[in-house]
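J.: So you can see what is in the structure, the chains are spelled out below.
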Amino acid sequence: MRKYSPAGHIFLLSLCLSWLLWPALLGARQVVDQLGRRMQIADHPERVIALAPSITEIIFSLHQEHRLVGVTLFSDYPPAARKLPKVGSYVQLDIEKIVSLKPDLCIGIRDGNPIALVRRLESLGIPVYAVNPTDLERVMETVDEIGSLLDSQEQAQRLTAAMHARVQAVKARIAASRSRPRVFFQIGISPIVSAGTHTFINELIQLSGGVNIAAGPVNYPRYTEEEVIRLKPDIIIITSMARGVRFESVKARWLRWKSIPAVRNGRIHLVDSNLVDRPSPRLVDGLEAMARIIHPELFGNPP
Amino acid sequence: MKPAVEVRKLAYRYGRSPVLQDLSFAIGSGAFFIILGPNGSGKTTLMKILAGHLRPQRGNVFILGKNIRGYSRRQLACRMAYLPQLTRLDFPMSVRDLVLMGRSPHLGMLGLETEEDHRLAENAMRYTNVLPLADRRMDQLSGGEQQRVLIARAICQQPQIVLLDEPTAALDLAHQVAVMDLMERLKQEKNITVVMISHDVNLAAMYADRLLLLKDGGILGIGPPCEVLHHQRLEKAYGCPVLVTESPLGGYLRITPVPRRFRKQAPGAPPADP
Amino acid sequence: MSLGRPVIVRRMLLLSIPLLVVLLAAVYLGMSIGSTGVDLRAVARSLAGGLSDDPTLGTIIWQIRFPRALLAALIGATLSLGGLVFQAILRNPLAEPYILGISGGAAIGAISGILLGLSRFPGVSLTSFAGSMATLLVLMLIAGTRSMVQNNRLLLSGVMVNAFCGAVIMFLISITQDSRLHNIIFWMMGDLSLADMHQVTILGITVLPCFLFIFYLAHAMNVLLLGQEMAQSMGFDVRIIVSLLLVVTSLMVSATVSHCGLVGFVGLVIPHLFRLLLGADHRLLVPACLLGGGAYMVLCDILARTLPSHGEMPAGVVTALIGAPLFIYLLKRTER
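Protein chains in written order, with this note's numbering: chain G, 35 to 337; chain Z, 3 to 276; chain B, 5 to 340.
Worth flagging that the hints you see were computed from the coordinates, not collected in a lab. Glycine included, C-beta positions come from ideal geometry on N, C-alpha and C. Keep in mind that the hints are not guaranteed to be accurate.
Straight-line C-alpha distance at most 16 Å; calculated EDC-like pairs for lysine to aspartate or glutamate [to be verified]:
(1) G:K292 x G:D306
(2) G:K292 x G:D268
(3) Z:K50 x B:D58
(4) G:K136 x G:E156
(5) G:K136 x G:D185
(6) Z:K217 x Z:D24
(7) G:K136 x B:E233
(8) G:K131 x G:E156
(9) G:K285 x G:D268
(10) G:K131 x B:D43
(11) G:K120 x G:D145
(12) G:K136 x B:D58
Reference excerpt, derived from the structure (chain Z facing chain B, CB under 10 Å, subset only) [claimed, not checked]:
(13) L85
(14) P86
(15) L88
(16) F93
(17) L100
(18) G104
(19) A136
(20) R139
(21) E191
(22) E237
(23) Y240
Residues of chain G clear of chain B, computed beta-carbon distances all greater than 10 Å [what the hints assert, rightly or not]:
(24) D67
(25) A76
(26) K120
(27) D128
(28) L151
(29) T231
(30) F281
Go ahead and model the full structure; you've got the sequences and the hints to work with.
T.: Below is the structure:
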């Protein structure tokens with residue numbers, strides 16, 4: 035007759051549970067990225083590669099740059115990032131370079147990194163955590179998530195709290211005013227391209243108390259000069275995205291059309307593109323810059 | 003002995019226009035058979051049918067006693083070689099390689115030639131006197147030389163019948179005679195049946211065993227040259243006055259077309275004998 | 005009377021063996037050179053017994069560089085052979101593998117796949133393949149099977165189809181305004197960066213039977229040069245041969261393009277290069293184009309990866325930059 039032994043059951047149970055704890059024993063954990071993909075990553079990633087300039091910025095702002103072993107081209111902020119080894123551009127990653135840097139974690143961005151390249155990296159045993167920040171809220175969530183990935187929850191919390199506070203400050207002052215100037219935001223010179231509803235630029239314009247003339251389903255709609263003249267924007271904002279094209283010459287083109295209110299009132303402004311289209315903490319700087327342009331009476335004159 | 007080529011009630015038309023009408027004739031084995039006729043008489047169409055290029059629409063063609071439809075392309079190629087009307091073949095292929103192609107019907111798909119095939123090619127080139135040109139490229143040869151290379155290729159096929167469509171058309175006098183002599187040798191030494199379309203009535207008169215005079219897809223005359231080459235028939239065929247006399251070489255007829263200034267009031271009446 | 009050993013087989017071996025060595029050397033070089041350095045000895049060690057002390061380098065060599073070198077070799081072989089076959093059946097020295105609308109159809113298919121958000125493999129490669137096969141079908145309907153041997157009609161129809169596709173492509177590009185534009189442009193310039201063994205194996209299985217088939221018809225291609233009438237009189241059914249060659253070659257080229265985009269220039273110049281050096285016998289030209297074209301592409305890909313200080317050049321740019329002067333030089337040298 036077999037003796038009933040609870041010890042036996044407990045042993046079996048712990049054996050089963052230990053299987054679940056096995057990764058933890060190895061110093062690894064299960065995470066789910068912003069695209070809903072599950073993956074196993076190290077508890078304390080020491081060799082991280084940022085697959086987009088915005089990710090680089092976030093990591094630096096969390097003071098975790100000591101973990102960074104590689105960044106993409108055009109990771110130019112902060113200036114210290116320029117010294118890090120380059121792994122190609124974020125649309126054409128250099129897989130060989132990435133593998134040779136022996137990363138234990140890559141952080142990528144959905145709008146930009148081709149999924150095929152991400153899969154390739156994963157097939158070589160390199161975990162890629164994908165983020166997908168589509169608006170300010172999600173950017174702050176991304177900062178938090180990266181913070182928890184890189185053992186820096188505290189810094190992340192402080193950073194997002196600060197960002198949140200600044201955004202609230204802008205919102206509060208805007209609420210006090212009734213005017214909503216009509217803004218034409220030009221990101222392309224030839225052809226003329228603006229930004230639609232599902233872009234950071236649109237969100238910033240709205241938050242800073244303006245109306246985005248180009249709002250609509252098309253993300254980067256094209257305009258002819260004639261159409262812009264007809265639309266009579268109160269403010270024209272141009273970004274420095276097109277390299278080599280001088281702001282003065284673009285402004286001069288608009289100055290020909292006196293019928294545009296923005297021209298008559300001298301409200302044609304330049305904004306650094308890196309402040310308004312990179313999903314990084316600097317978006318808040320961009321927001322404040324836009325607020326000064328759109329409502330100088332509330333925030334002080336723009337520079 | 004079965005004739006090399008036999009044609010029974012052959013008819014062919016391109017679309018609506020009839021080109022060959024109810025042709026029947028036979029070509030004996032080992033004969034030098036020349037087809038004459040003005041442009042548009044259907045000579046080339048006839049030759050293409052004999053070569054297996056076009057299917058007879060009505061009637062039958064027999065090659066070596068067997069209906070042409072019963073041959074596969076390869077089998078036909080082993081028995082019959084064809085030199086179509088050509089201007090020039092200018093590409094960077096060596097003479098030797100081109101002549102070797104004549105062995106294709108006897109080889110597999112990959113055309114792997116043996117030493118034996120190379121020997122046959124050399125013999126063929128020697129026969130047609132193009133051996134000194136063996137390693138030259140086709141685009142470096144004159145028209146006459148190219149023609150002889152193509153004949154060498156035909157010989158390599160080891161055919162029993164050779165079909166030639168106006169082989170002397172673009173050649174100078176010396177080469178014209180060379181080609182015709184070559185054909186005569188082939189006929190005499192190898193017993194090959196030569197079927198040729200010629201535009202040159204006088205050459206035809208000097209070499210042919212039998213002539214076929216075609217007009218509008220029908221036979222105007224068939225038989226040995228002395229029987230076929232009557233001035234009325236020739237005038238009816240070609241539509242211009244001709245003078246038929248004896249060749250200074252003796253034994254052959256010579257046909258002289260008559261320019262306008264020699265014609266009397268009644269066109270067609272032969273002038274007084276010189 | 006002995007039959008003697010086929011002379012041509014000897015010549016084929018004398019040609020193929022050195023070229024095979026060159027190809028293998030090129031692949032070796034391709035495995036050694038990359039964006040992280042030159043590792044000739046490491047590759048040798050890895051082949052001999054394994055690179056146990058540096059598994060990362062092993063991964064780089066075998067999982068990144070090796071599939072890429074193989075893919076380059078396959079691409080070079082296929083496109084060169086494709087150009088050779090089209091030049092033979094169309095009897096036109098300007099023919100190249102894309103001339104019968106394949107590039108236009110493949111591009112439209114690929115762009116559609118990219119715009120629909122499909123991933124490169126298998127999504128976009130399938131749409132690209134479907135596109136090129138569709139244009140081939142359209143072409144055959146337009147030109148008609150009879151005029152497959154009346155070569156100019158086929159050629160002209162192909163050029164027109166390509167031109168129409170080109171216009172559609174320009175239109176599609178002009179209305180694309182986001183990051184997919186980037187993907188489209190990379191595809192159209194030829195992109196080997198996503199090579200992996202799985203993909204390469206599939207491509208290899210698809211094209212190797214085509215190579216063998218075309219080689220089987222190499223002698224027939226020689227005879228085709230004499231013109232339809234003479235070829236037919238020597239026992240070859242020209243219409244069937246040309247149709248088969250057309251379909252098999254189009255299949256082979258479409259499969260390749262669907263994997264790596266439009267790598268240009270190789271298919272035009274490599275056949276001419278070897279024709280200058282070896283003459284017009286296709287039984288020699290087929291292996292030469294396969295092995296030599298493959299080696300050429302591997303070497304060009306190495307340059308494409310290493311010449312720029314950042315990133316890589318499109319493969320087609322290097323093949324043209326190197327191939328054109330080389331060809332002109334050879335042309336002048338063999339002028340007699």
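J.: Against each hint, give a clear statement of whether it holds in the structure.
T.: Hint check results:
1. For the hint linking K292 of chain G to D306 of chain G, the alpha-carbon distance of about 26 Å lies beyond 16 Å, and the restraint is violated.
2. Between K292 of chain G and D268 of chain G the CA atoms are separated by roughly 12 Å; this keeps the pair inside 16 Å, and the hint holds.
3. The hinted pair formed by K50 of chain Z and D58 of chain B fails the criterion: a straight-line CA distance of about 72 Å is larger than 16 Å.
4. Proximity of K136 of chain G to E156 of chain G is assessed by CA-CA distance (about 13 Å); at most 16 Å being required, the pair is judged to hold.
5. The suggested pairing of K136 of chain G with D185 of chain G is violated, with an alpha-carbon distance near 20 Å, which exceeds 16 Å.
6. Proximity of K217 of chain Z to D24 of chain Z is assessed by CA-CA distance (about 12 Å); at most 16 Å being required, the pair is judged to hold.
7. Taking the CA atoms of K136 of chain G and E233 of chain B, the gap is near 65 Å; set against the 16 Å cutoff, the hint is violated.
8. Restraint check for K131 of chain G and E156 of chain G: the C-alpha separation of about 15 Å stays at or below 16 Å, so the hint holds.
9. Under the criterion of a C-alpha separation no larger than 16 Å, the hint pairing K285 of chain G with D268 of chain G is consistent with the structure, at around 15 Å.
10. Restraint check for K131 of chain G and D43 of chain B: satisfied, since their Cα atoms lie roughly 14 Å apart, inside the 16 Å limit.
11. About 20 Å separates the Cα atoms of K120 of chain G and D145 of chain G, which puts this hinted pair outside 16 Å; it is violated.
12. Simply put, K136 of chain G and D58 of chain B have alpha-carbon atoms about 11 Å apart, close enough for the 16 Å limit, and the pair holds.
13. With its C-beta approaching chain B no nearer than about 8 Å, L85 of chain Z sits inside the 10 Å limit, and its interface hint holds.
14. Checking P86 of chain Z against chain B by beta carbon gives a least distance of about 4 Å; that is within 10 Å, so the hint holds.
15. For L88 of chain Z, the suggested interface contact is upheld, since its CB lies about 8 Å from the closest CB of chain B, less than 10 Å.
16. Hint status for F93 of chain Z: holds, given a least beta-carbon distance of 6 Å to chain B, under 10 Å.
17. With a least beta-carbon distance of about 8 Å to chain B, the hint placing L100 of chain Z at the interface is held under the 10 Å criterion.
18. Checking G104 of chain Z against chain B: minimum C-beta separation of about 7 Å stays under 10 Å; hint holds.
19. Annotation: A136 of chain Z was flagged as interfacial toward chain B, and the flag is violated, the nearest CB pair being 14 Å apart, outside 10 Å.
20. Taken as an interface hint, R139 of chain Z checks out: its beta carbon lies about 8 Å from the nearest beta carbon of chain B, inside 10 Å.
21. Hint status for E191 of chain Z: violated, given a least beta-carbon distance of 22 Å to chain B, over 10 Å.
22. Given hint, E237 of chain Z at the interface with chain B, is violated; its Cβ is 33 Å from that chain's nearest Cβ, farther than 10 Å.
23. Nearest Cβ of chain B to the Cβ of Y240 of chain Z: about 27 Å, over the 10 Å cut. The hint is violated.
24. Interface exclusion of D67 of chain G from chain B stands, the closest Cβ pair being 17 Å apart, more than 10 Å.
25. No beta-carbon of chain B is positioned within 10 Å of the beta-carbon of A76 of chain G; the least distance is around 17 Å.
26. The claim that K120 of chain G lies off the interface is violated: its Cβ sits roughly 7 Å from the closest Cβ of chain B, which falls inside the 10 Å cut-off.
27. Distance check on D128 of chain G: its Cβ comes as close as 5 Å (rounded) to a Cβ of chain B, failing to clear the 10 Å threshold; non-interface status is violated.
28. A beta-carbon of chain B is positioned within 10 Å of the beta-carbon of L151 of chain G; the least distance is around 7 Å.
29. Chain B leaves T231 of chain G outside its interface by the beta-carbon criterion, the shortest separation being 14 Å against a cut-off of 10 Å.
30. Against chain B, the non-interface label of F281 of chain G holds: every CB pair exceeds 10 Å, the least being about 23 Å.
When the structure is compared with the earlier hints, violations turn up for hints 1, 3, 5, 7, 11, 19, 21, 22, 23, 26, 27 and 28 and for no others.
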